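Q: Following the hints, position chains B and C against chain A.
Going down the list, the protein sequences come from chains A, B and C. Numbering-wise (this note's numbering), the first sequence opens with residue 1 and increments by one. Numbering-wise (this note's numbering), the second sequence opens with residue 1001 and increments by one. Numbering-wise (this note's numbering), the third sequence opens with residue 2001 and increments by one.
If you're looking for bench data, these hints aren't it; they were derived computationally from the structure. Bear in mind the structure is a predicted one, so any value in this text is a computation, not a measurement. Careful: at least some of the hints might be erroneous.
Stated by the list, open to error - Covered stretches of chain B, going by a simulated chain A footprint (3 or more residues, C-beta under 8 Å):
#1 1017-1029
#2 1033-1047
#3 1062-1068
Said to hold, decoys possible - With a cut-off of at most 20 Å between alpha-carbon atoms, the simulated EDC-like pairs for lysine to aspartate or glutamate come out as follows:
#4 A:82 - B:1063
#5 A:115 - B:1063
#6 B:1082 - C:2034
#7 C:2082 - A:39
#8 B:1040 - B:1079
#9 A:82 - B:1073
#10 A:15 - B:1142
#11 B:1115 - C:2081
#12 B:1126 - B:1079
#13 A:115 - B:1079
#14 B:1015 - C:2081
#15 C:2115 - A:79
#16 B:1023 - B:1081
#17 A:15 - B:1063
#18 B:1023 - B:1033
#19 A:115 - B:1098
Note that CB positions come from ideal geometry on N, CA and C, so glycine has one too.
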Amino acid sequence: MNNSLLDGIGSGQLKRIIVAKIKINVDLLEAIEEIVKKEKIKRGIILGGVGALQKAIFRNMFEFPNTYPIRPENRIYLEVEKPMELVSLTGHISPKKDGTPYIHAHFSASMVEGKTVVTMGGHLIKGNITHVRIAVAIAELENIPMNTRVGKLLKSYEMHIGT
Amino acid sequence: MNNSLLDGIGSGQLKRIIVAKIKINVDLLEAIEEIVKKEKIKRGIILGGVGALQKAIFRNMFEFPNTYPIRPENRIYLEVEKPMELVSLTGHISPKKDGTPYIHAHFSASMVEGKTVVTMGGHLIKGNITHVRIAVAIAELENIPMNTRVGKLLKSYEMHIGT
Amino acid sequence: MNNSLLDGIGSGQLKRIIVAKIKINVDLLEAIEEIVKKEKIKRGIILGGVGALQKAIFRNMFEFPNTYPIRPENRIYLEVEKPMELVSLTGHISPKKDGTPYIHAHFSASMVEGKTVVTMGGHLIKGNITHVRIAVAIAELENIPMNTRVGKLLKSYEMHIGT
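Chain A with its partners taken away, still in its complex shape:
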């Protein structure tokens, strides 16, 4: 796999699809964590999400670090508090060494700015507060060698295919 562009590849079966409706005024990532815990999802793919947000924190890197891990000072945490529409939600769930599931998700949300509409996005952290009609769909996978490990370069959690 020397000339490969991949760090790892694996495949598995779809066990089931989980759909949840999320309450208003709650944290979106915490709600996804509750879905994962309640349904005992070890490995999965976030298929999407819709609905409205009332507050978002768009976490984005503005510079690559000289040494890893990436630190908060390499990032912007842009807080926006206004009506927003969740227009994309993507990511995956895979277990850490101790078996607890780790969620890696990115999202984007559209909003009115003046007379126009803009869309912002970023890494999903805590602090995104739901408004009405938020629903999320997750595909639970089985027999797929998909885990979360501390990456050698990254020095923080990332997907690792294999044991």
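A: Just chains B and C now, kept in the frame of chain A:
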């Protein structure tokens, strides 16, 4: 479920995946409605969509209403008529009380503005007109308690897990 | 199918889900091509992708052509070289007449601009270079009449449902 962040959660099986190619110069939401009707999809997840648009209406709330339902005057309906690329399409299909399927979808589209590229997004309503190469994928679900009901707070249609 | 808004519609089964972690400093589309080749995927849906990019080329049409095919002079190829987060990845894989798989994908990425965050998107071509934590999920399909053909109007590759 008192401390729960969820209004409801359920799971089911994937019955099949439907893929459709949509004609040029037609309404995107009406085309998705035709897919749902033709294939008799009661419950499903919109997995994604690609292709070009020639006109979009980006519906976004700019203020939360004092009393529900949300009304047109709480929203902006930004019309854009130029070449656009559909870059995200997410949402779900679930039946209303009378059995007819309700589609809740959000989308985003990228476009050239001056020398740069911007992406806008919003709730998918009628008025988005396709250009070339629009294709949409939907996962049909079965044995999942996913319905559309008039929400108690919202006073309009939203996903309801349960009967 | 005269009044239909669809050029074609078909359905099939999900064979399996493939997940890959992609190396840093490689071409995103070439990596997806490697996934497709290595796993012998003929037909599939790109379910999503997350992670960081260090360079992106956002291909977008700025004018519709008078005659097809669409040409590079009808498009902008906006190059951005800075940290970005992949916030959506959507598309499909289907075989050309000679059996080789064709990948049609769109993506969007968020980034810091000044004190704010913007999201750009477009058609995925070569030239998008990965940074850390890029992972992609693909649903492989079977028994679905989904192919890639040169479109009569478009005069270049597009999805064709049927043989």
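Q: Now tell me, hint by hint, if it's right for this structure.
A: To see whether the hints hold, each was checked on the structure:
1. 1017-1029: violated (count 0)
2. 1033-1047: holds (count 3)
3. 1062-1068: Contact hint for the segment 1062-1068 of chain B vs chain A: holds, 3 residues under 8 Å.
4. A:82 - B:1063: holds (7 Å)
5. A:115 - B:1063: holds (13 Å)
6. B:1082 - C:2034: violated (34 Å)
7. C:2082 - A:39: violated (38 Å)
8. B:1040 - B:1079: Distance ~31 Å between residue 1040 of chain B and residue 1079 of chain B Cα, so the pair is violated.
9. A:82 - B:1073: holds (16 Å)
10. A:15 - B:1142: holds (13 Å)
11. B:1115 - C:2081: holds (16 Å)
12. B:1126 - B:1079: holds (11 Å)
13. A:115 - B:1079: Given pair residue 115 of chain A, residue 1079 of chain B holds - Cα atoms ~11 Å apart, limit 20 Å.
14. B:1015 - C:2081: violated (42 Å)
15. C:2115 - A:79: holds (11 Å)
16. B:1023 - B:1081: Given pair residue 1023 of chain B, residue 1081 of chain B holds - Cα atoms ~18 Å apart, limit 20 Å.
17. A:15 - B:1063: violated (40 Å)
18. B:1023 - B:1033: holds (14 Å)
19. A:115 - B:1098: violated (39 Å)
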